[in-house]
Amino acid sequence: MRYQIAHTTEYQYHQTVSLCHNIAMLIPRNTDLQECRKTIVKINPQPDVMNEYEDFFGNKVLYFAVQQEHSSLKVTVLSQVEKFKQRNLKMELYNNIPWENVSAMLQEPGLGNFEARQFIPATSITNFTKEIHEYAQQSFTPGRSLFDAAWDLVQRMYRDFEFKTGFTTVATPLTEVMEQRKGVCQDFAHLAIACIRSMGLPARYVSGYIETIAPAGKEKLVGVDASHAWFSVYIPQSGWIDFDPTNNLITSDQHITIGWGRDYADLPPLKGVILSTGSHKLDVSVDVRRLD
Amino acid sequence: MISQTDLSPSFLEYLDSGYWKIFFNSFAELGEDEILNRRQDMMRFLTENGVTYNIYGDPKGFNRPWKLDIIPFLISKDEWELIESGLVQRATLFDLILKDIYGERTLLKSGLLPMEIIYNHTGFLRQCAGIQLPGKHHLVLYTADMARTVDGKIWVLNDRTQAPSGSGYALENRLTMARIVPELFNGLKVRRLSPYFHSLRNALTSIAPNNNKEPRIVILTSGPSNETYFEHAYLSSYLGFTLVQGNDLMVRDNYVWLKTLGGLEKVDVILRRLDDMYCDPLELKEDSQLGIPGLLQAVRSRNVSIANPLGSSVIENPGLIPFLPAIAKTLLGEELKLPSIASWWCGQPSALQYVLDNISSLVIKRIARRSNVGTSVDATSLTANQLHELKQRIKAQPHLFVGQEKANFAASPSLVNGKIEPRDALFRSFAVSSSNGYTAMEGGLTRTSADYGNYIISNQMGGISKDTWIISAESGSTFNVRKELEQAPENGMTYKSEVLPSHTAENLFWVGRYAERVLGNARFQRTVMQFVEEANKAFSDNDEYIKESLLQALTLHTHTFPGFIGPESEKKLKEPWEELNEILFDAEKTGSLAYNIGLFNRAVYTVRDHWSTDTWRVLRDMEENWQKAFEQRQSSHHRIIYALDNLITSMVAFIGLNRESISREQGWTLLNMGRKIEQSLLLINMLRVTLVQRHDEQIEYILQEAVLKSNECLVNYRYKYRSHLKPSLVLDLMLLDPLNPRSLLYQLERLKVDVSGLPKISSGHQLPDHERLVFEAYSMLKLASKEKLAEPEKNNGIYKNLDVFLTKMNKLLYSLPNVISKAYFMHAQASKQLFTNNTDK
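In order, the protein sequence lines correspond to chains C and H. Here this note's numbering is used: the first residue of the first sequence is 1, the next is one more, and so on. Here this note's numbering is used: the first residue of the second sequence is 1, the next is one more, and so on.
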């Protein structure tokens, strides 16, 4: 299955900006389940400098700088991504590893285990409290398989939490999400990660997109999509498996991954520093389209 | 002196042996009185040279005088050979570890080094992974804190790789000793420090991108409030590298540029004294105001080199210690020459158990240093409750903690309160990358605790430093007082490149402005206070009215509202001293003299490498006298007025000395421009608040007299006009007289020359804005007529013409600093973060 994603970010500045440095993490990486066939980046005004490289986690990074006076900045990234057939979930394999055994298994040699262990420690965003740990414990019951426990956590979160935009920002701490029981996808991804890490297990943050289906009989509107976030759990001998707590799903063909990290701060879609004192207005639109 | 003390016999025996015996012979030859005199000289020398360090979070901790013990720390030749080879080995080892951590990560993957020690360390900057650096070593500078135990063994206590400090203080200590007590070097061949700095310069040159043999090297500081800012400025002078703050630099086209008055200059190498986390707000700590956005891009593009490289602080990590011997064996095939204090990393279950079981005999450290928070806890001094809490903290995050054995250090003699006493000593050694390995400084910085037996030694906690002497048998590289002094910073000045960073230029400009502001306000306030003091004795109604007018003028002039103005002012006008006192001494009050002195001092310290020793002495005196005046602020009014006299004299001396001490033309121009602009604005403001309002003749007379007095022009006036004060003549003298150095015309004539001397930014025939403004103000003055300005307007309580004239003049000159700032200082615009928070599905 092939998708085309158009992600446009536009800043309007109230005062002219003489110099801006930006880092975009908007180019999808290749994974076991997808391949990014083509990416076109359009930036207006034309940047004076562009550097492309991979970060520590293997995600694609685009740095660009505009070095002339400008009063708006528009960044559009068009990507074509091929999704492969979802591998069959080997439930019987997942199900036979009790979560308590995973910690010890991760200490065994092997690159997979080594790379997974870096996703165990809490970060400042995913710092857990007693409440979060207790919430996690209800899913991580003795003897349960890691897969079951994580899946149960996702289902409970879907039941207990309300999806609500505008209530939280990137800076909202998890304690508040926990208390108010509402938030958006990245809050839920962070909370789930905090829960799993509170059990001493690895979990990573995934940034990406999801295809939304138009109501029957209606044409899908352009730009109604948004960027999305979910999380991934490492199961020894099997690998990473992604869960979407916002939609109560194990990720499917409709999830397109940009990249992953310890939390949001490792891969915000677009960040920058400008030389200006004025304020700015921001517009973002995302469109995910199926090509075949 | 030795015999007077109650030192233990074994310690006395120690002091009577080997090199110490030679040292104390020289010591005794000088005699007790002379030693104490020299100690005084030493303290004065350090103070006058502005040798200071700052203590965070302590309002009085800013610019603390540096403390130096007259008795050095001695290291024998044999001992040094071990230390030197051990230091070089450690530097080599850490360089390999650093390369591995940010490269292949073989040590981590193989489990030789548990990855948790690195990945959980705040100094592990993932953004720096995979970056290839020019030069032989990644680790350019390495520093270790060491101590000697009672059995004579040397142990390493801390490894420092972030931005090691102390080399400048070590050098300053040596120069101070050489100058004040040269006799003590007699008979001891002490090795020299300067070869180290030569190696440092070579090392920095060798890492320049593209094999540039003459790179531009800058020292990056976080600014005057940094703990060791003195040293940053000192090294800048000594090595001839421009001292810069983050906002002096910018990244364009993947290169780093220094913003100077004349434009952008490419920077090749940065000697970093700013923690790496703060260096790039684009990729590292996002709220850092101290860094350079985009710096990492320039590093990735290999267009700039940083020493030590970003990410190197991960090596400052006591968690590494237990694994070093095995790593040394694997990577170097060698045993460690210098042992670390026995340490247990709590991330391993058995080590954790050991630490928990033996906690009350250990020192507990975190793997990563945290700014402003102590990272070491001496658990031997904790109560049962505190121990319990500490254990809980360790158990919650064991991989973040290390337990260390508490060693018994050998005491070293120190001069404390005129007596020789034993003190624990910690000495810091320095190594720098060189073409054939690493070069160690043949000396170091020794610090002793303020109290005997105090285990944790730091400057922040009031330690005292010592010069460190390595006694050598060879003669070639030994210390020679004159040779070393020849390389003192005053002589190093000639290295200094001619570029003036915009930020420095701006600060010099502000030093000029604040100096004049302090001076002008002090003079005016002195005039007012003298009058108030005298008016108290006379009892005429007019005197009372004049007094009030003057007090109100003071409030207007200093902008210390409400002060003597407004509905609440009646009581203050009757009993003005409390308010007058506040306008002088209340540093919290915007516009007060103390407030302006604070701004002046801050600007002065920011560009501290620009002042000569004589200038420092004047500044010190000024600060001390002002502090004294502050303490006696409740005493007699005469004494306060006398304190103002002193302040005024010092400030005049400061301004005078600058002519001699600021050699670089652009710097002087900037400072002078600041002065002239401030003088002009102050004068205009004073005339507006005193002479625009109409009063009866006698009052106007007194006000005119006050203006002349505050500007030191009364004598001038009498000499020139030989008449009573007349408005037109007063205005003539203060505004239009080209020969009166206090007149506005005089200031503007000089200002006109100064602004035209600024580097030209744009071509073409049109005058740049700042020149246009000065020219317009100048022409207005030249075309003005004194009679017209002094003409009273009928039916109106003010001198209308004068008012209009001064208002216009003020407007022109008031906008001048902004225009100059925009054209030359370039940080009118602060940078800020942009974020998208668009993940909301």
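Among the clues, some could well be false.
Unchecked claim - Residues from chain C shown here face chain H by an in silico Cβ test under 10 angstroms; the list is partial: (1) N51; (2) F56; (3) S71; (4) M105; (5) R117; (6) Q138; (7) E219; (8) A265; (9) K271; (10) G272; (11) L291.
Claimed, not checked - Under the rule of at most 25 angstroms between Cα atoms (straight-line distance), these lysine-lysine pairs were calculated in the BS3-like manner: (12) H/K571 to C/K60; (13) H/K391 to C/K130; (14) H/K153 to H/K99; (15) H/K800 to H/K822; (16) C/K60 to H/K99; (17) H/K395 to C/K130.
Stated by the list, open to error - So these bits of chain H aren't anywhere near chain C, every CB distance computed over 12 angstroms: (18) G294; (19) I359; (20) A407.
No lab work stands behind these hints: they were computed from the structure. This structure is a prediction, so every number in the text was calculated from the model and none was measured. Cβ coordinates follow ideal geometry from the N, Cα and C atoms, glycine included.
#### Entry: Status of the stated non-contact between H/I359 and chain C (beta carbon gap over 12 angstroms)
23 angstroms, holds
### Message
Minimum C-beta separation from H/A407 to chain C exceeding 12 angstroms: can you confirm that?
### Response
Given that every Cβ of chain C is farther than 12 angstroms from that of H/A407, nearest at about 31 angstroms, it holds.
#### Entry: Supplied contact hint for C/K271, tested at 10 angstroms Cβ to chain H
6 angstroms, holds
### Task
Would you check the hint for H/K395 and C/K130, treating anything up to 25 angstroms between C-alpha atoms as holding?
15 angstroms, holds
### Message
H/K800 and H/K822 were given as a pair; does the straight-line alpha-carbon distance stay at or below 25 angstroms?
### Response
It is violated: about 34 angstroms lies between the C-alpha atoms, which goes past 25 angstroms.
#### Entry: Hint validity - C/F56 Cβ closer than 10 angstroms to any chain H Cβ
Constraint on C/F56 satisfied, holds at 4 angstroms.
#### Entry: Cut-off 10 angstroms, beta-carbon criterion: hint that C/N51 touches chain H
6 angstroms, holds
### Task
Go through the hint on C/M105 and say holds or violated, using the shortest Cβ distance to chain H against 10 angstroms.
Interface hint status for C/M105: violated (15 angstroms vs cutoff 10 angstroms).
### Query
Going straight from one Cα to the other, do H/K391 and C/K130 come out at no more than 25 angstroms?
Holds: H/K391 and C/K130 sit about 18 angstroms apart, inside 25 angstroms.
### Task
Closer than 10 angstroms between Cβ atoms is the bar; does C/E219 clear it against chain H? Give me holds or violated.
20 angstroms, violated
#### Entry: Distal placement of H/G294 relative to chain C, Cβ over 12 angstroms
4 angstroms, violated
### Query
Measuring from the C-beta of C/R117 to each C-beta in chain H, is the shortest one below 10 angstroms?
Since the shortest Cβ distance to chain H is 6 angstroms, the answer is holds.
The earlier numbered hints that this structure contradicts are 3, 4, 6, 7, 11, 12, 14, 15 and 18.
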